[in-house]
Amino acid sequence: MRTRSRIHNDLYFRDKPNAMKRIFTLLGALLLTQFIIAQTTVFSDDFDSGLSAWTLTGQWGTSTAQVYNGSNSLTDSPGGLYLNLQTTYATITQSFDLTTALDANVHFRVKYDIENGFDYCYLEASANNGASWTVVTTFNGENNLATWANFSANIGGFVGNSQVKIRYRLYTDQGYQSDGIFIDSMRITSSTVDNAPPLIVHNPAPHFEGDADTNFRTATITDISGLSSVSMSYTVDNIGPPTIISPIDTNGNDYTFAIPPQTAGAYVDYVIDAIDNSAQLNSATSTIYQYIAGNYINHDNGVVDNVVNFSSTFTSGAANRVSLGSGLSTLTTALIRNYTDVNNPNDSIEVHIWSNNAGSPGTDLITPIMMFPEANLLEPQRMTRIDLRPYANQLDSLTGDIFIGFEVPTGGAWITQTTGGNGRAATYNGSNWTANTTTTYHFRAITTNPINPPTALFSFDNTNDPSIDFTDLSSNFPLSWAWDFDDGTTSTLQNPTHLFTSPGTYTVSLTASNIIGTSAVYSSNVTIVNAVPLASYTYDDANDPTIVFTDNSFNSPTTWFWDFGDGSTSTNQNPTHDYAFADEYTVCLAATNQYGTDSVCGSVTVANELPVALFSSETLAGNSVEFTNLSLVGNPGPATYQWDFDINNETSTDENPSFNYPATGGTYNVCLTATNGLGASAPYCLDVELVDLTVGISELNATNYTLSPNPTSGLVRLSFTDDSSIESFQLFSIDGSQINTTFNSISNGVEMDLSSLSKGLYFIEIITRDNASIKLPIVKQ
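According to my numbering, the residues represented by the sequence shown are 935 to 1715, in order.
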């Protein structure tokens, strides 16, 4: 293993196409266009009259060793090689008023010998008298001293400003020294014709760093004529035509673009396009920027202190422990930062993904992959990308630590490193792994978003207080939810709506779960000002069966609806209700206000009831009639009876009396009233039709028909001996209303179901074909 000492700060080194280190893209930087009109020279210097126009730091001065015109040139190191660990400047002292210009260019002749990939000289411009600087172009490369290059850089992006400055900045590391840069015949020109493309300045994330979700990218784009259009084009995995998007936000000259989320591991390339608003419609297209979508894991600071070689004949492998976290994720990409230069080429490396074996590389999780490092002479420290998406089945549901690294089967390979260990590096000697405690390797990983136990979070909307809408905001893909509303109720919905019944402050809690585990409890206080009524009532049965109901509902109801369970209702707040029959009734109250309705139901037992008078009659010989009392006694009993035979004020108090009517017959409306301890029933009256015995007319005999059981709670049978003369059957209530019911034929009779009827007295009318009829009473209990 050989090392080459380096110090390099990533502040000025960024992974880039086209050899850009800090990527400030100046489109049209090398313009050779000859402007034939409206051009003014605002500054020129051949460096033969000294450096009074310049402010210098470090070794900057003039040299006679390399001259294009005259006797001197400007250089960073007149005495020979530049020094290590330098950041020095050569700045034109004066600032330039370009407020009336529409274009400007910097022209000079240049030679340079600058260590490739580590040392740089930057041409920079400032629009604000040096308060901030923008890189116009970068000089980097060795052995370029043979010929003077004619260089022109467009600085049209800085016109319109009154204090424009230009400078050269030299940056060197500690590892290698060269002759540096030589500059001669410099001039700055301005023009009143806008031939300059827009200036696009964009600083991408280094080393393919992207996000698992939406990737936001911001560029500063300026042009003296304004901009007629700005857009971004991107492709994913180099598939299909580019997708073109517009900025989602503009703040002054800053344009922000949003590239939608892509599948983890996807390679995204993008460029920025701009067209100015001049008559020429000058356009600019940035260099191609790249990132890899996904969860980016990085355990190093990116500082290159030195580079190291791994050889198949000595130290043949390197590994770095990568922490994936406690969740489950899929490894989609490995990144290994290689190095190369003209004297230190690379051979192919065998990339491994190992399990963690007590802090050392364990078993291979995939079959090793042969890769040729991506580092090249233009990008000597470029990350090598290892696409692991084809190995998703083997690299799925990983958690904790793994190792990423390589071995060198043949030849050698270089990587960058930082001095000082982070406890993650290891080296391989062909048979054993050894922890490297003094070095940090630049190996990184990209995964899918880890699936961790959820972190519970919610918001709520109290617009409709006391009905509160809750919205789950938990992260990490919960699959189930447990809400506690602090009022004795819960929910398992993701986004429940809960109705609080009383004003107050409630501590609402949520826990969320997925296949990994359950979150900690998240709680938030919810203050309820309004409330739906809480329905409640009591009743007084002291005067049973007259029941007095009292509304005790909470939260100020404004309307009430009572259902007494016997078919009767009321909208009074505190109603009184008389029940006709003793029974257990379900009484419900619905209380309402502007926020909603609440209902409550309870049982009310009625013990007392008035008697129900009822009887039947049987006509015997000689128009003698026997009356059979069928009355319901009610409560409290016993009952007494009062009969009225409808003739000569004849009455009786017997329970089952007999009465002799005249032989001449006739129709007599016989009435019965029953009385118990509560009171008297309504009279029950029945027409008794008697034939005139003196003319020998026959009568319809009621004894031919029998109802059983009577009283009944459901099914009742009407039996008769002969149905040949019967035309129809009908059912009537006590008030004479006909009731629809079905009479089902059975042997020697018919059967009907009265279970759906209310308690009370009903009549079955039998009509014969000769229009004779008879009504038989039946009691539904």
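Source of the hints: derived by calculation from the structure; they are not laboratory data.
Each hint should be verified, as a subset may be incorrect.
[Said to hold, decoys possible] Restricting the straight-line Cα-Cα distance to at most 16 angstroms, the calculated cross-link-like pairs of lysine to aspartate or glutamate (EDC-like) are:
hint: 1; residue 1: LYS1714; residue 2: ASP1687
hint: 2; residue 1: LYS1693; residue 2: ASP1704
hint: 3; residue 1: LYS1693; residue 2: ASP1512
hint: 4; residue 1: LYS1693; residue 2: ASP1656
hint: 5; residue 1: LYS1714; residue 2: ASP1478
hint: 6; residue 1: LYS1714; residue 2: ASP1500
hint: 7; residue 1: LYS1693; residue 2: ASP1475
hint: 8; residue 1: LYS1693; residue 2: ASP1669
Here the structure is a predicted model, which is why all the values come from computation and not from measurement.
Consistency of the hints with the structure:
1. For the hint linking LYS1714 to ASP1687, the alpha-carbon distance of about 11 angstroms falls within 16 angstroms, and the restraint holds.
2. A distance of roughly 33 angstroms separates the Cα atoms of LYS1693 and ASP1704; the hinted pair therefore is violated under the 16 angstroms criterion.
3. Taking the CA atoms of LYS1693 and ASP1512, the gap is about 14 angstroms. The hint holds against a cut of 16 angstroms.
4. Between the alpha carbons of LYS1693 and ASP1656 the distance comes to roughly 31 angstroms, so the proposed pair goes past 16 angstroms and is violated.
5. Taken as a hint, the LYS1714 and ASP1478 pair is broken in the structure, with Cα atoms around 21 angstroms apart against an allowance of 16 angstroms.
6. With a C-alpha separation of about 14 angstroms, the suggested pairing of LYS1714 with ASP1500 holds against the 16 angstroms cut-off.
7. Restraint check: the Cα-Cα separation between LYS1693 and ASP1475 comes to about 21 angstroms, which exceeds 16 angstroms; the hinted pair is violated.
8. Between LYS1693 and ASP1669 the CA atoms are separated by roughly 14 angstroms; this keeps the pair inside 16 angstroms, and the hint holds.
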